[in-house]
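Novice: So the chains spell out like this:
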Amino acid sequence: MKRVLVYIDEEAVEDSLALLEIGRRLYGEQGFCAYALAAGGGSGEAGRRFDYVFRARSGALPNFEAAALARCIAALHQAYGFDVIVFPATHWGRMVAPRAAARLRAGLVADVTAVGSEGGEIWMARPAFSGRLLATVVCRGGGPVMLSVRPRVFTQRAPALKSAEFIDIDVPDTPAPGVRLIERREKPAVRDIRESAVLVAGGGGIARDFPLLERLAQALHGLVAASRQAVDLGSAPRAIQVGQSGKIVSPRLYVAIGISGASPHLAGIRNAEYVIAVNPDRQAPIGSLADIVVEGDGRAFVEGLLERLEAPRTQSHGGRG
Amino acid sequence: MKILCLLKPVPDVDQLRYDRARNVLVREQARLILNPEDATAAATALEIKRAVPDTYLETVSMAPRGARPHLEDLARRGVDQVTLISDLRYAGSDTWATSRVLARYLETRDYDCVFCGTHTLDGGTGQVPAQLAELLGLPVMVGITALAELDPRAGQAVVEVDGERALLRFAVALPAVLGFQYNPDRKLPYLRYADLNRDVSQQVVVLGNNALGLAETELGLRGSLTQVRRIEVDALETKTPLRLRADQEGLDTVCHWLEQKGFVQP
Numbered sequence: 014m015k016r017v018l019v020y021i022d023e024e025a026v027e028d029s030l031a032l033l034e035i036g037r038r039l040y041g042e043q044g045f046c047a048y049a050l051a052a053g054g055g056s057g058e059a060g061r062r063f064d065y066v067f068r069a070r071s072g073a074l075p076n077f078e079a080a081a082l083a084r085c086i087a088a089l090h091q092a093y094g095f096d097v098i099v100f101p102a103t104h105w106g107r108m109v110a111p112r113a114a115a116r117l118r119a120g121l122v123a124d125v126t127a128v129g130s131e132g133g134e135i136w137m138a139r140p141a142f143s144g145r146l147l148a149t150v151v152c153r154g155g156g157p158v159m160l161s162v163r164p165r166v167f168t169q170r171a172p173a174l175k176s177a178e179f180i181d182i183d184v185p186d187t188p189a190p191g192v193r194l195i196e197r198r199e200k201p202a203v204r205d206i207r208e209s210a211v212l213v214a215g216g217g218g219i220a221r222d223f224p225l226l227e228r229l230a231q232a233l234h235g236l237v238a239a240s241r242q243a244v245d246l247g248s249a250p251r252a253i254q255v256g257q258s259g260k261i262v263s264p265r266l267y268v269a270i271g272i273s274g275a276s277p278h279l280a281g282i283r284n285a286e287y288v289i290a291v292n293p294d295r296q297a298p299i300g301s302l303a304d305i306v307v308e309g310d311g312r313a314f315v316e317g318l319l320e321r322l323e324a325p326r327t328q329s330h331g332g333r334g
Numbered sequence: 024m025k026i027l028c029l030l031k032p033v034p035d036v037d038q039l040r041y042d043r044a045r046n047v048l049v050r051e052q053a054r055l056i057l058n059p060e061d062a063t064a065a066a067t068a069l070e071i072k073r074a075v076p077d078t079y080l081e082t083v084s085m086a087p088r089g090a091r092p093h094l095e096d097l098a099r100r101g102v103d104q105v106t107l108i109s110d111l112r113y114a115g116s117d118t119w120a121t122s123r124v125l126a127r128y129l130e131t132r133d134y135d136c137v138f139c140g141t142h143t144l145d146g147g148t149g150q151v152p153a154q155l156a157e158l159l160g161l162p163v164m165v166g167i168t169a170l171a172e173l174d175p176r177a178g179q180a181v182v183e184v185d186g187e188r189a190l191l192r193f194a195v196a197l198p199a200v201l202g203f204q205y206n207p208d209r210k211l212p213y214l215r216y217a218d219l220n221r222d223v224s225q226q227v228v229v230l231g232n233n234a235l236g237l238a239e240t241e242l243g244l245r246g247s248l249t250q251v252r253r254i255e256v257d258a259l260e261t262k263t264p265l266r267l268r269a270d271q272e273g274l275d276t277v278c279h280w281l282e283q284k285g286f287v288q289p
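Read top to bottom, the protein sequences are chains A and B. Residue numbers for the first sequence follow this note's numbering, beginning at 14 and rising by one. Residue numbers for the second sequence follow this note's numbering, beginning at 24 and rising by one.
Example chain B residues on the side facing chain A (calculated, C-beta under 7 Å, incomplete): (1) Gly-147; (2) Leu-158; (3) Pro-162; (4) Asp-185; (5) Leu-191; (6) Arg-192; (7) Val-195; (8) Ala-196; (9) Val-251; (10) Ile-254; (11) Leu-265; (12) Leu-267; (13) Leu-274.
In short, the hints are calculated from the structure, not lab data. Quick caveat, the model's predicted, so the values are computed rather than measured. For every residue, glycine included, the Cβ atom is placed at its ideal position computed from N, Cα and C.
Chain A extracted, bound-state conformation (with noise of 0.2 Å):
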């Protein structure tokens, strides 16, 4: 039997139980016995879905402790002999898991996008240079195979309701602690715009006209995202930006206003359905990923359309009878 563990950062619980889909696409529902490291937190979560799950016998380990995290992931696979550890690719995944394949000397590949084997050898796709490339890329070397994948990038299926074992474990000694949390403002709760199958982007190109964005967002039942500009230039928060140093998103639809198109934004969008781009400039390369693009000003075009999606249903658009 194949063994899979999984790393559950507590802040992200829900996105790093739906990792174990990697477990699935390698070895078959039945063929991997499912192991969870939840020292932070998410272990009630893990104990439903998982057949083994770690906590820190010492009280909860939080996820910045990336040090002491990697010493008990290489502590677990010198006793378990892990085949697969995956890491979901948020802020702290991406710390932990790095210093965990450094101390076993183990490939690690990040921001995987699609797994499968050839011949015994596990594959595993990821984007790069912003997603202009999809590279096919093999762990060499005795240890574990090690990936990280972004949030919802795997569907997962209905899960199979299981009732874990629970392990405690002792926490390897590490130097002393090198980081401290001083402090934790918590930000107000925002819809993630990962779960929305409608996005209406702005750029720079339409910075000022947020407020606007929002009316196209709520006609279409969709939310509202933007481009790095847009953040950078103040007109939008971190939490809503999309592309490679943002969210990576898939959408039904994804109505991009103002936004040329750089690669690292779309290599945030290329699992859109659809796309609609609306630009002054009909060389912009957001065009390369469009159905539709519209060639204005994003402003105008963003108020004729709320003028005929918030009329009146009964009155019928000019033109098309």
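We have chain A; now place chain B onto it with these hints.
Specialist: Frame of chain A; chain B shown alone:
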């Protein structure tokens, strides 16, 4: 105070062209730029040096020798030493092999803090800062949006991180690896006209594996723990869009399309 700043010259990804006939990525015509998040880190270090003039700032880059002229400008901008680690045998290094090389060099240096960017534009794995920290036995924090305090005498830095759910403030024990997030307001200073052609050769150090002494098996592809098997360009496939103008006809067409696809009710 001594700050080492890791800087990676990367090709401007928007200038990359794909040669479909040869199935290769044409990088030659793409100009080199400093990885934007690394530039934020360097700009932060230069601001510290301006405020605390006895700060010693060294940049460290692992890159082909062709990057040298590009990196020399850093000395003209106020960096004390520009180090270029370059060796043909390093070609094909993955993040692990890269981290090994950087760690070997850093072991020879004396420093209070290592600055870098969180991600790079090309590979984009963001793995080097944490791998390097593990190899050197240092604490690491990435995704830093602000450096509130850097006090080597107290042995700590205070940094801010814009997390998914909360704004966080951490005290990080020095020496540490600090990875910065891109900040458009923190740019490298402009080159002064008088400095444009200033000879900085005394401030540039170029070294290769003869100086670092890593075993051949630790270098490049051989020393890497991951290997690229295939490169596909499916991701580059483009659509042929319907092109409209933002006039009445264009808006009507978009509305009709939205109805057809079920995004709005007719």
